[in-house]
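For chain A, the structure is supplied; the task is to place chain B on it using the hints.
Order-wise, the sequence lines are chains A and B. Last residue of the first sequence: 302 in numbering that gives the first Met the number 0, with the numbers rising by one and none dropped. Last residue of the second sequence: 276 in numbering that gives the first Met the number 0, with the numbers rising by one and none dropped.
Hint data in this document are derived by calculation from the structure and do not stem from the laboratory. Nothing here was measured: the structure is a model prediction, and the numbers come from that model. C-beta: ideal position from N, C-alpha, C; glycine also. One or more of the hints may lead you astray.
[What the hints assert, rightly or not] Take a look, some chain B residues computed to stay more than 10 Å from chain A by CB distance: (1) PRO37; (2) PHE55; (3) HIS60; (4) VAL79; (5) TRP95.
[To be verified] For the chain B half of the interface with chain A, some residues (derived, Cβ under 10 Å), not all of them: (6) ALA15; (7) THR92; (8) ILE94; (9) VAL96; (10) PRO133; (11) ARG189; (12) TRP222; (13) GLY226; (14) PHE248.
[What the hints assert, rightly or not] Ranges between beta-carbon positions, derived for each pair: (15) A:GLN209 - B:GLY31: 27 to 37 Å; (16) B:LEU106 - A:GLY191: 25 to 35 Å; (17) A:GLY106 - B:PHE62: 39 to 49 Å; (18) A:THR283 - B:SER131: 23 to 33 Å; (19) A:ILE50 - B:ALA83: 30 to 40 Å; (20) B:PRO133 - A:ARG59: 17 to 27 Å; (21) B:VAL142 - A:PHE60: 41 to 51 Å; (22) B:ARG17 - A:GLN209: 17 to 27 Å; (23) A:SER165 - B:LEU75: 30 to 40 Å.
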Amino acid sequence: MADIGVMGEGARSAPLSLRDKRTPLRTWAGLAPFLLFALLFMILPAGMLLIGSFQDPQGRFTFVNLAHLLRPNILHSYLLTIEVSLVTAVGGGIFGFLLAYAVTLGGMPPGIRGFIVTFSGVASNFAGVPLAFAFIATLGRVGLVTTLLKSLLGISLYDSGFNLYSFWGLSFTYLYFQLPLMVLIIAPALDGMRREWREASENLGARSVQYWRHIALPILLPSLLSSVVLLFGNAFGAYATAYALTGGFINLVPIQIGAQIRGDVLHDPNLGYALALGMVVVMTLTILGYTVLQRRASRFTRS
Amino acid sequence: MSTTMTARSFAAPGAAARRRKGWSSLWLVLGGLYFFLPLLATFLFSLHGKKGALSFIAYAHVFRDPEFLHTFSFSLEMAVVTIAAGLALMIPTAIWVNLRLPRARALIEVFALLPFVIPPIVLVFGLIRMYSRPPVMLVTSPVLLIAGYVVLSFPYIFRSVDAGLRAIDLRVLTEAAQSLGARWSTTLFRVVLPNIRVSVLSAAFLTFSIVVGELTLAVMLAWPAFGPYMALVGRDLAYEPAALAVISFLLTWGSLAVIQLASRGGRGQGPTAGGVH
Numbered sequence: 000m001a002d003i004g005v006m007g008e009g010a011r012s013a014p015l016s017l018r019d020k021r022t023p024l025r026t027w028a029g030l031a032p033f034l035l036f037a038l039l040f041m042i043l044p045a046g047m048l049l050i051g052s053f054q055d056p057q058g059r060f061t062f063v064n065l066a067h068l069l070r071p072n073i074l075h076s077y078l079l080t081i082e083v084s085l086v087t088a089v090g091g092g093i094f095g096f097l098l099a100y101a102v103t104l105g106g107m108p109p110g111i112r113g114f115i116v117t118f119s120g121v122a123s124n125f126a127g128v129p130l131a132f133a134f135i136a137t138l139g140r141v142g143l144v145t146t147l148l149k150s151l152l153g154i155s156l157y158d159s160g161f162n163l164y165s166f167w168g169l170s171f172t173y174l175y176f177q178l179p180l181m182v183l184i185i186a187p188a189l190d191g192m193r194r195e196w197r198e199a200s201e202n203l204g205a206r207s208v209q210y211w212r213h214i215a216l217p218i219l220l221p222s223l224l225s226s227v228v229l230l231f232g233n234a235f236g237a238y239a240t241a242y243a244l245t246g247g248f249i250n251l252v253p254i255q256i257g258a259q260i261r262g263d264v265l266h267d268p269n270l271g272y273a274l275a276l277g278m279v280v281v282m283t284l285t286i287l288g289y290t291v292l293q294r295r296a297s298r299f300t301r302s
Numbered sequence: 000m001s002t003t004m005t006a007r008s009f010a011a012p013g014a015a016a017r018r019r020k021g022w023s024s025l026w027l028v029l030g031g032l033y034f035f036l037p038l039l040a041t042f043l044f045s046l047h048g049k050k051g052a053l054s055f056i057a058y059a060h061v062f063r064d065p066e067f068l069h070t071f072s073f074s075l076e077m078a079v080v081t082i083a084a085g086l087a088l089m090i091p092t093a094i095w096v097n098l099r100l101p102r103a104r105a106l107i108e109v110f111a112l113l114p115f116v117i118p119p120i121v122l123v124f125g126l127i128r129m130y131s132r133p134p135v136m137l138v139t140s141p142v143l144l145i146a147g148y149v150v151l152s153f154p155y156i157f158r159s160v161d162a163g164l165r166a167i168d169l170r171v172l173t174e175a176a177q178s179l180g181a182r183w184s185t186t187l188f189r190v191v192l193p194n195i196r197v198s199v200l201s202a203a204f205l206t207f208s209i210v211v212g213e214l215t216l217a218v219m220l221a222w223p224a225f226g227p228y229m230a231l232v233g234r235d236l237a238y239e240p241a242a243l244a245v246i247s248f249l250l251t252w253g254s255l256a257v258i259q260l261a262s263r264g265g266r267g268q269g270p271t272a273g274g275v276h
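Only chain A is shown next, with the shape it has when bound in the complex (with noise of 0.2 Å):
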C-alpha cells in the first residue's frame, strides 16, 4: 500500500505542470471512447428508465407510477427483497467474519488460510442458475440430503416446514455466494489487527470479551459495516439465482422487473421504470454508505 502511494504521488508533481496546461481539452479527449461507451449503454439508458418513471403512458408528467409503488403487492416485494438482503448480509456477514478471523488470527496452519481464500474467490463467484442446481440437488424435495436425513434419521425436512424454494431456503442458498464475499472482503482488516493490541490488554489483565468488547470490536467496526453493505447490495440486485430457484415465483423485486420486462403480467411499463427507478434508489444509498463507512475503516487499517 504505501509504496503505491509514494509512487503515485512523485507521478503526480511533475509532468502536470508540462502537459497538462497545454492541451488539457486534448488530454481530456482520451477518455473520451470510454466515457462516450458509458454514456451510451448505462448513463443514458439508466437515464431513460428514471425519466419514463416520471411519464404516464401518453408520455405526460406523472407521479402517478411512484405513487403504485406503494401498492401493497410491490410495497411487499420490496419488503421482500430487503428482507433477503439484510438477513444474508447479516448472517453472511458473522459467520463469514468467523471463519475469516479462524484463518487470519485463530492460530491456524497457513496453508489453511490460502486454500479458504482461493476456495471463497470461487464461490463467491460460483452463482445463477448452477448455484440454484446445486441447492436444488442437495436441499431439495428429492435432494441428496433431504433423502439421506430421512432415510438415515427419519427427519422429515419438508414436513417440518422447511422449503428450500421459501424464504429461507432463498436465503440460505444466497448465503453461499455471500459468506466467501465476507471473508474476501473483512480478511485484510483482520490483518491489521496488531498481535500486540491483545497482547497489551492481557498483560492489563483483561479478558477475551473486555479485549472484544473495548479494542477490536471499535477498531472492526467500520469495516464489519461497511462489508455488511456491501453484501447487502450483493443480494438485492440478484436475480438469475432466484429466478432457477423459483421459477420465478417469488415476489423480489428484480423478478418483479423481470416479468415486466417479458410482458407478462400488467403491460404496465412506466410501473416497471418505477419499479427499476426505487432499486437504484435502494442500491445508490447502499454503495454511499458502503463507501463513507469504508472511509472511516480505513483510518484504522492503513496503519
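This is chain B only, laid out in the frame that chain A set:
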C-alpha cells in the same frame, strides 16, 4: 511450591490461545460443511441418472445434447468478444488516467463502479427501452448483448488493470520507450502490456466466468446462451441440471485457478471477489 504464581500467569494466555484455536477449528469445520456438502451432494446426485446404479449418464446426456454445444459455444464467443472489447476500452483509459490525467481518477472510478449500483436486471431494462425504438434499433443485434456484458465487466476489468498499472513504474517505462524512439503502439504492446499481463489475464478470466453462465441479460434479450439453456434444462429434467452445476463449478474453479497460478509469478494481482448473481 513457589512456582504456583508463575504457573498461573503463564497458563492463562496459553489457555486463551487454545480456546481461540478450538473456536477457530469449530468455525472452520462448520464453514467447510456448508461449502462442501452442496458440492458433494450435487456431484453424487448427478450420478443417479440411471436407476439403481451410479453412472455418468447425465453427463453423457448433457454433452450429447446439440443445444448444449450450440449454446455453450455461443456464450464462449460472447465472452471472447466481451473480453476483447472490454480490454480495448479499459486498458487505454486506465493508462491515460495513470499517466496523463490523475485528476480524472475519481470520475473514472465512479463510472467503473456504477454497474454495482445498476443491477443487471435494471441495466437490461434500460437497454431494451432505449434501443428497441428509432433512431437506434439494436435490440436484436448481438452488439447490445456484448455492450451490456462490457458494462457488467467494467468494475472487474478496471480494478484489475488499474492495480496492475499502479504496481509498475508506468511513467519511467513509457518515457524510456519513447526516448528510444518507440511509437505509442510499440510502447503499449511491447512495453506496458507485457508488464501488466497478470492483471490483464485475471481481468480476462474474471470476465469469462461472469459472461459464460450469465442469465439475466441473455434471457431478457432472448439469446440462445448457456445461462438460459441451463435454466431451461432445470425446468424439465432432474439429474442433468446437477451435472451442469458440476460442470459450471469446474469452469469457474478453472478460470480462477488460472488467475491464481499466473499471479503467483507477478505483482499486481486483481480482485477476484463477487460476480453477477
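Of the hints stated earlier, which fail here? Violated hints (numbers, rising): 1, 5, 10, 11, 12 and 21; every other hint is consistent with the structure.
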